[in-house]
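Protein chains: 6
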Amino acid sequence: MNPGISQYAVGDSFDGFLLIKSATKGTASNGKPFLTLIVKDQSGEIEAKLWDATKEDEATYLPDQIVKFHGEITQFRNKPQLKIFNARLAQPTDGVKLDDFLEKAPVSREDLMESITERIFEMSNPNLQRITRHFVSNYQEGLLTYPAAVKNHHEYVSGLAHHVVSMLNLAKSLVDLYPDLNKDLLYAGVILHDLGKLRELSGPATPSYTLEGQLLGHIPMMMDEIGAVAKELGIEGEEVTMLQHMILSHHGKGEWGSPKPPLIREAEILHQIDNIDAKMNMLNRALEKVQPGEFTDRMFAMDNRRFYKPLFTEPS
Amino acid sequence: MNPGISQYAVGDSFDGFLLIKSATKGTASNGKPFLTLIVKDQSGEIEAKLWDATKEDEATYLPDQIVKFHGEITQFRNKPQLKIFNARLAQPTDGVKLDDFLEKAPVSREDLMESITERIFEMSNPNLQRITRHFVSNYQEGLLTYPAAVKNHHEYVSGLAHHVVSMLNLAKSLVDLYPDLNKDLLYAGVILHDLGKLRELSGPATPSYTLEGQLLGHIPMMMDEIGAVAKELGIEGEEVTMLQHMILSHHGKGEWGSPKPPLIREAEILHQIDNIDAKMNMLNRALEKVQPGEFTDRMFAMDNRRFYKPLFTEPS
Amino acid sequence: MNPGISQYAVGDSFDGFLLIKSATKGTASNGKPFLTLIVKDQSGEIEAKLWDATKEDEATYLPDQIVKFHGEITQFRNKPQLKIFNARLAQPTDGVKLDDFLEKAPVSREDLMESITERIFEMSNPNLQRITRHFVSNYQEGLLTYPAAVKNHHEYVSGLAHHVVSMLNLAKSLVDLYPDLNKDLLYAGVILHDLGKLRELSGPATPSYTLEGQLLGHIPMMMDEIGAVAKELGIEGEEVTMLQHMILSHHGKGEWGSPKPPLIREAEILHQIDNIDAKMNMLNRALEKVQPGEFTDRMFAMDNRRFYKPLFTEPS
Amino acid sequence: MNPGISQYAVGDSFDGFLLIKSATKGTASNGKPFLTLIVKDQSGEIEAKLWDATKEDEATYLPDQIVKFHGEITQFRNKPQLKIFNARLAQPTDGVKLDDFLEKAPVSREDLMESITERIFEMSNPNLQRITRHFVSNYQEGLLTYPAAVKNHHEYVSGLAHHVVSMLNLAKSLVDLYPDLNKDLLYAGVILHDLGKLRELSGPATPSYTLEGQLLGHIPMMMDEIGAVAKELGIEGEEVTMLQHMILSHHGKGEWGSPKPPLIREAEILHQIDNIDAKMNMLNRALEKVQPGEFTDRMFAMDNRRFYKPLFTEPS
Amino acid sequence: MNPGISQYAVGDSFDGFLLIKSATKGTASNGKPFLTLIVKDQSGEIEAKLWDATKEDEATYLPDQIVKFHGEITQFRNKPQLKIFNARLAQPTDGVKLDDFLEKAPVSREDLMESITERIFEMSNPNLQRITRHFVSNYQEGLLTYPAAVKNHHEYVSGLAHHVVSMLNLAKSLVDLYPDLNKDLLYAGVILHDLGKLRELSGPATPSYTLEGQLLGHIPMMMDEIGAVAKELGIEGEEVTMLQHMILSHHGKGEWGSPKPPLIREAEILHQIDNIDAKMNMLNRALEKVQPGEFTDRMFAMDNRRFYKPLFTEPS
Amino acid sequence: MNPGISQYAVGDSFDGFLLIKSATKGTASNGKPFLTLIVKDQSGEIEAKLWDATKEDEATYLPDQIVKFHGEITQFRNKPQLKIFNARLAQPTDGVKLDDFLEKAPVSREDLMESITERIFEMSNPNLQRITRHFVSNYQEGLLTYPAAVKNHHEYVSGLAHHVVSMLNLAKSLVDLYPDLNKDLLYAGVILHDLGKLRELSGPATPSYTLEGQLLGHIPMMMDEIGAVAKELGIEGEEVTMLQHMILSHHGKGEWGSPKPPLIREAEILHQIDNIDAKMNMLNRALEKVQPGEFTDRMFAMDNRRFYKPLFTEPS
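Chains as they are written, first to last, in the UniProt record's numbering: chain A, 1 to 316; chain B, 1 to 316; chain C, 1 to 316; chain D, 1 to 316; chain E, 1 to 316; chain F, 1 to 316.
Hint data in this document are derived by calculation from the structure and do not stem from the laboratory. There could be a bad hint or two in this list.
No distinction is drawn between identical chains; accordingly, a pair holds when it is met within one copy or between any pair of copies.
Stated by the list, open to error - Subject to a maximum C-alpha distance of 20 Å in a straight line, what follows is the list of computed PhoX-like cross-link-like pairs (lysine-lysine):
| hint | residue 1 | residue 2 |
| --- | --- | --- |
| 1 | Lys-55 | Lys-83 |
| 2 | Lys-79 | Lys-32 |
| 3 | Lys-83 | Lys-25 |
| 4 | Lys-104 | Lys-151 |
| 5 | Lys-79 | Lys-289 |
From just these sequences and the hints, can you work out the full model?
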């Protein structure tokens, strides 16, 4: 198989299939129209230019199309760019499919589901367990396919479940180290904390924000759903309020979208491990792309820092 | 009738009934126990000291009791204080009742209700009208008796409805001046915006925060209830989302408790008029207490400013 | 009449007159000079490119010239651009004049003046009335032609008076709703609050900042002028200080340019209604440009928010 | 002569004259009235208690009275307190006068005036020189007696002139080191920068804020006066605007009371040397009160820092 | 054995030994001297009042003395206070010793040391291992006795080692979950991160800040020591710089005392787990003191929040 | 001699030598490669474009090469640009050398060294004098050649010594004006405060940040070195701690890189004069480039302000 698009160097020629993520028309300084495409495969994405584009080109090369490109990697403002020599839409006989071009979690859906199920099974509080199980059953497909975010961290197919399972592992360690923590509440909070993203985002593959997502946000919507499910299951009592509070406060502060800060121990910890797992995901993926002795690009979601990869940190 | 407690000057003697708001025990430097009471009538409140308090006194003078006091107004750290000479619980034959000691809105319940009803009647969007009417019917008693806040503004019986009606008047003026505003959405938002306080606060008379109020807050709880009521009434569509957004965003910013800032025109205006009416209520009441040519005390909710009352602003 | 320039779509050809707002020379990658013009009519503005510009072109197409253009609407970085095929200066025989290309307030000068006069007439405090009348008489031409700001809100011919009249309407409503407000002080403050812009800005049509405007600012300059006028008219007393304070504090905070925050009730309200009217002006004009179901562009002066136009808010 | 009040230790008895700065009535826990006085001499101030105060005492021991006290230094909440055994008003025959109890600048009025005159003499720009000389002549008495501030720095008789002369010395050094600086502008700015305090504060001895001072502030008032004086002297041109800008911007930022930040080189330097001289005044006086090896109290105006006095910094 | 002082309720009488932490003299309103003592045992501390204190009392009841008190628990400003009836210094025959009155880590010194040694043993990078071992050998006594902080978290004997061992456990879990982390660097960072506190604080029992601690701080001092030790051991290369960076950046931000933010992955994680372990220590100890269904006091180091202890979180 | 590159106007032709600071490859919209060079001489720098660059060009025109260019000054995005017609590397026979193209301090190395030596000679505390002399001897070459910063202020050859000498002059003035200042401590602090830049930056000519510089920073590294030197010289006592504190705190605040704020008087003054000298250097150089009556460009390090150059400030 070909190397991914992000492995190509300036000057390399390219021949292969890529998925169009977005397409924009422009007019060159010579007055001729051109197309700017963002194209991608599982390894990453690149900007591509189709100069002297015809009306037909404009009508053909649209988002979500898979296209065979022939071109060369050039450089524009310090970033690589694909200069397209020619292009054609993928044919059924090419044997390529959408899934091959989307980045995915490095763990299988089955393994992710099993990890979640196992933790639910360990819960001893029947109210929390029933609510959690209800959501996991009813939203299983979304939970296992959606990304955890549109960008920054876990922004790939199954990213949501991958994030949840990583956090469950962290939660399990913390429960062992700090036995005062209420395991049931923490597990339920971890599993449900971002499930409102199924309403906030438009879908698993190339997600955008829904109207509800923009005007209400996943946090209040999920608090709302927990209330409704509890009522539906006939569950009353403090567990429901505590679980709703966990969801509501998991961003930690008003400025970050939580109308209440964490006011119970497990809510504070949920916020902390959400933070750690998101940061580890971002850092690991950014550091993978650089050589020992180099710095990463500025990372917006890490206060714009550039991280260094020490020379001696190579796996032993 | 006697003047209110806030009209007494240092050196005056006092004889009359007051409501106990809180009671705390202490030990004087001579080793003897004493009681510190916060006592009030409709005009305001004062700290009172009962020196050499007996065990019986401690068991008798409890919050929410009406008591006949004989004493004198002294001064402590620049604030007036009631030094109690003697005290006894009110008797049925005294003919005093709780209501006489609570500050109330300056408009009657009937008039407040009529104003609200009139605005609902003017609404033309049936979905928004039905949702609003449903809440007003179901929560009428609370709406007409709760305060709008525990302190700072409209913190008196019927304060919530008083605040709503003032804001409705403002909203009506704005709709006339800026006809692009959607009147129905704005009226519905005004009427419902703080109704979550009925769950956030413990009651109309001497309100404290409920557990739900502290961990979830009135904003997400009210958004939640609107969703439930819309479902119950079989109403779907953008009106529901917009109304939920109005509630969610009416504090204006994350730091002030709104998980989303206003993102529609009417939500921005709802935030503005909530702000103006709260400030006018605070300013008017603070300026009433000072003479022309004087400054008020520092007002915490007005960025700690002291406001000046000009010599020439007396009503003409 | 032709549609305005902001109604043209990419691909349309254009033939008509436009006013040049600014002109910049550049060198294309082929080494040839070109001109970048910002051109406008009452509907808005667009960037235009004149490729292969001659020395004569550079000397001809200057700011404030009206020019007949033939060209086509293209797209550059997601914004429309006018590609000029040919151009010539407007001739006297073309019958076009500067005024036709400038955006104006939607209310006539006469109506604006009448509204202001009416409010001054209603004032009962002779000192405040005389000072206000003096300014309105002496600065009438500027008051009726200047914009209220260089950008963001009321940034059109007569924008200052339009803003003042809108705020007077708001002030009148508030005085009715909150009778404790001093009407005279509030009206005087509204009418004079931004009059310092006549010294801060260079003129009514294509305003820039004067040196005084940049180094002193309209707020202290206007406070200064009120003091001078009061002295000239032989008026002394608290009204002058209060009116100066209204001007000084109307931006609300030090960070926003007010060396004192509002410390009297009417100053607080002046700040609030200045804020509301500016926001309504920005929101209404931004929402006019989008279809129901769409979001506006990010609005810098609204904390960079994008506002949504609901599907159901169409005027009934 | 007696040591100053600030040299007394807990347990010492006191016999001498002190000036009353403020007097407040209170009621002790035994129900008896007492007086809390703040009393002072040139060395500092102390809280004093007169227990069992009579009505006559209350009418006698008023602010600005000089009183002979007999008492003892005790301690209350970690601060020394004067417990009064007896007291009487000073008599003409006691030979004490107000001036003896007020802290003064360590430089004589004559020397301060001479330094200022000398700098004005060195100015070569006639416009700036005339304006500066006009103010110094017309406000000489106030300039030489007012404090520079109510608290924190140079808060003593002649503090304003002391601050100005210190800053002039600094300015002279800077003009030598950085010859690009415009000496005339800088000297004029230094001499006039705080002269608005003569309207902001009530008087030289025990200053409080005037109404104008609170609602307008010394910065805009002084800018205003410079404009009026320039007009009176028939001076026009950029010097006036620059000098007004120097005054307006000398607090450096909007948050600190300047409606414009420094936008010319000399304004930036004026802000810097104002800052340095105020800090040196505060630091020197705070460090004088502690022994080598000790820290000062927290200094509010120095970001609440406590400063250390090294063991080896004693004068050589 | 007696219950600890923090278990006593208002009204209880007290008879037992307590350690004096601080002693302050005061004068009562009746003119008589009294002593305010802060006294403590392992369970917590309380304010105590010795009224009518003699000169002898003042000379006897000094910090670090163990005293037998007879008295009663009263209440002052909502806090319990011990009113002392009589008191005497502990005698050798009483069989009480300093250690009995100091709070200690809940894990023995031996176990703490063993955990640290075990992790050092697991390190595979010889440079990092040698540096870490050198510090642990040379500073073993301090590491095993000092608190981790003067207040807020782990502020007890052996608190530093307790904090380190807790963090090592967390680090071990994270290394397992995120295998890209460099274990050696993380372990070395955890063990050394706060070792500068041995120079910053005066001692293990009742620590205060040293002069060096106040003027330099534990972070730069420890970076310095690592450089010196590396030189002494003849170790060069990136490991030293990385380890110094870990120490320097572990507070996360400039505002929190780190001159550099974390710029390598392990430094970010060190900051995170320092944060989590400190918070868990504070939360667990605060929640232990309240009953299910109650809130804790405001916790200053947790952004002033009060935390709720759910009714259903009791250990199963 | 030719005028410097920064004196050329758009339209001028250029013939002369320039030093390449950086070189980047690009691909034009016609598909042909081009080079973007930043080229400089002592007067400033300019962007240059070599269109249709060959592989040989790419290999030849590299950073730090001196090149003879023939071309023309054009304009791109409001900035001048050099369009290269032809180019060749400088030959030995051209008689040009690196030094001729680097900006230098306006004072000679010898004079700078003499000023520093003179101040050290005036110091009377032997410990501070010995430490300071040791550093100046050992790091003389770096001190006299390094810039004080990579950009903003004193960013030229010998900029560090130029900044130090300017600050010493300021310090001398302040010591005269405020005799309480400890001269020795202040001089030592000034001379050493930025010496850590010799490790933070890669070299004197075209400096970049070293790895140590990025991860540790010059402040903690210099504190560290002072400790090591003091130990080497056998110097103990408070002088060392105070000097280390001066270095550590000279950026003034945590946000600005100082882990401790100034806590001794001389540290506060060191911070202030570092600030003033950096600002004067930036302001003077920015104002030199504009004509009287103009504003400078926005200055990032001056809070993004543009400064005005008054018409009347020309040297008399």
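We went through each hint and held it up to the structure:
1. Lys-55 / Lys-83: Answer is both: 19 Å inside a copy and 18 Å across each meet the 20 Å cutoff.
2. Lys-79 / Lys-32: between (24 Å within a copy, 16 Å between copies)
3. Lys-83 / Lys-25: This pair counts as both: shortest intra-copy Cα distance 15 Å, inter-copy 15 Å.
4. Lys-104 / Lys-151: Within one copy, since 14 Å is at most 20 Å while 43 Å is not.
5. Lys-79 / Lys-289: This pair counts as within: shortest intra-copy Cα distance 14 Å, inter-copy 34 Å.
The structure fails none of the hints (numbered hints given earlier).
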